[in-house]
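*Asks:* Sequence:
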Amino acid sequence: MSESSVFSMIKRRVDVFELQPNIQGHELFILRDDLIHPIVSGNKWRKLKHAFAYVVNHKLDGILTYGGAYSNHLVATAEACRMFGVECMLVVRGEELGIHSNVYLRFCHDAGATLIFENRTDFGLHKHDQGVRSINGKSYLVLPEGGASNFGIMGAMEMTDPLENYDVIALAQGTTTTSLGVLFNSHMDAEVWCFPVLKGFDSLKEMEKLSMNSGYGALWEKNKHRIRVFSDYSFDGYAKKNMELVSFIDEIHRKYNLKLDAVYTGKSFYGLLKELALVERKKTMFIHTGGVLPL
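Quick note, the sequence shown lines up with residues 1 to 295 if you use our numbering.
Derived by calculation from the structure, the hints in this document are not laboratory data.
Everything numeric in this text was worked out from a predicted model, so none of it was measured.
Watch out, some of these pointers could steer you wrong.
Here are the computed lysine to aspartate or glutamate pairs in the EDC-like style, where the Cα-Cα straight-line distance is at most 16 Å [to be verified]:
{"no.": "1", "residue 1": "Lys274", "residue 2": "Glu27"}
{"no.": "2", "residue 1": "Lys205", "residue 2": "Asp189"}
{"no.": "3", "residue 1": "Lys283", "residue 2": "Glu27"}
{"no.": "4", "residue 1": "Lys283", "residue 2": "Glu208"}
{"no.": "5", "residue 1": "Lys283", "residue 2": "Glu87"}
{"no.": "6", "residue 1": "Lys282", "residue 2": "Asp61"}
{"no.": "7", "residue 1": "Lys224", "residue 2": "Asp236"}
{"no.": "8", "residue 1": "Lys209", "residue 2": "Glu221"}
{"no.": "9", "residue 1": "Lys199", "residue 2": "Asp236"}
{"no.": "10", "residue 1": "Lys138", "residue 2": "Asp61"}
{"no.": "11", "residue 1": "Lys222", "residue 2": "Glu244"}
{"no.": "12", "residue 1": "Lys138", "residue 2": "Glu191"}
{"no.": "13", "residue 1": "Lys224", "residue 2": "Glu191"}
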């Protein structure tokens, strides 16, 4: 299958719409990247797009990547591999797990992926691996955990337009891949507000490290002053939640027909509204990075 025919399966353009009435007096726009595809949505597709182009153009046999038991990245990779007709090998953190441990892993298995359950020590040693690897006579493109690679930054840069002048562009942050892409290709006057979902995460250090390792060091130095990190909205850690967050997500869905998830977008949108309440009127775009899976 050609690159162009496969990419036609994924929605190329997504809508930006303004929430009405304005929240707290701010102009608030939502980039609906979650509408790209039911499974391969948002930044999951953005981080995979150029990797799959590489696989198709170089006639590789498949993709190998890493993730945890509840990884949207693994789910999106498995589904994209099924759509592309290439092999999929997923290394999952936790040797005690199996394909029936949860709905995420079952979905990956049913999509045709080979799952390898690795102990946490070995997983930690290899989760940043990347490049082309030969396995049993077949060639695989290896992607780091969460798709944190040059391919991912390239895809995330396509989310924003440097000619669109927002005061603030806000998004959830995991590996920092999407945050960097947005930072590098947004208006020079826009602040990029990042809401890490990992407790105790050193956002700026990780962004700098990924920038340097991916060949974007100069862009990082030029733009890092535009980053603001809000670390108080992880709700005590990755995938943790409480009734306040759940109620907030339900309220936003009722008011605006906007579905958020409790891992990434719900926390970041909650944090965004809290922070906007403390500042003067701003024209803001929130990037809905997907993650609301119909599983």
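*Asks:* For every hint, state whether the structure bears it out.
*Replies:* Status of the hints after comparison with the structure:
Distance hint between Lys274 and Glu27 is fulfilled; the C-alpha atoms sit about 15 Å from each other, no more than 16 Å. The hinted pair formed by Lys205 and Asp189 fails the criterion: a straight-line CA distance of about 22 Å is larger than 16 Å. This hinted pair checks out: Lys283 and Glu27 have alpha carbons roughly 5 Å apart, not beyond 16 Å. This hinted pair does not check out: Lys283 and Glu208 have alpha carbons roughly 27 Å apart, beyond 16 Å.
At most 16 Å may separate the alpha-carbon atoms for a hinted pair to count; Lys283 and Glu87 exceed this at roughly 44 Å. At roughly 48 Å between alpha-carbon atoms, Lys282 and Asp61 are farther apart than 16 Å, so this suggested pair is violated. This hinted pair does not check out: Lys224 and Asp236 have alpha carbons roughly 26 Å apart, beyond 16 Å. Among the hinted pairs, Lys209 with Glu221 is consistent with the structure: their alpha-carbon atoms are about 12 Å apart, no more than 16 Å.
Taken as a hint, the Lys199 and Asp236 pair is honoured in the structure, with Cα atoms around 6 Å apart against an allowance of 16 Å. A C-alpha spacing of about 6 Å is found between Lys138 and Asp61, which places the hinted pair at or below 16 Å, so the restraint holds. The suggested pairing of Lys222 with Glu244 is violated, with an alpha-carbon distance near 38 Å, which exceeds 16 Å. A threshold of 16 Å between alpha carbons decides the hint, and for Lys138 with Glu191 the separation of about 44 Å lies outside it, so the pair is violated.
Proximity of Lys224 to Glu191 is assessed by CA-CA distance (about 10 Å); at most 16 Å being required, the pair is judged to hold.
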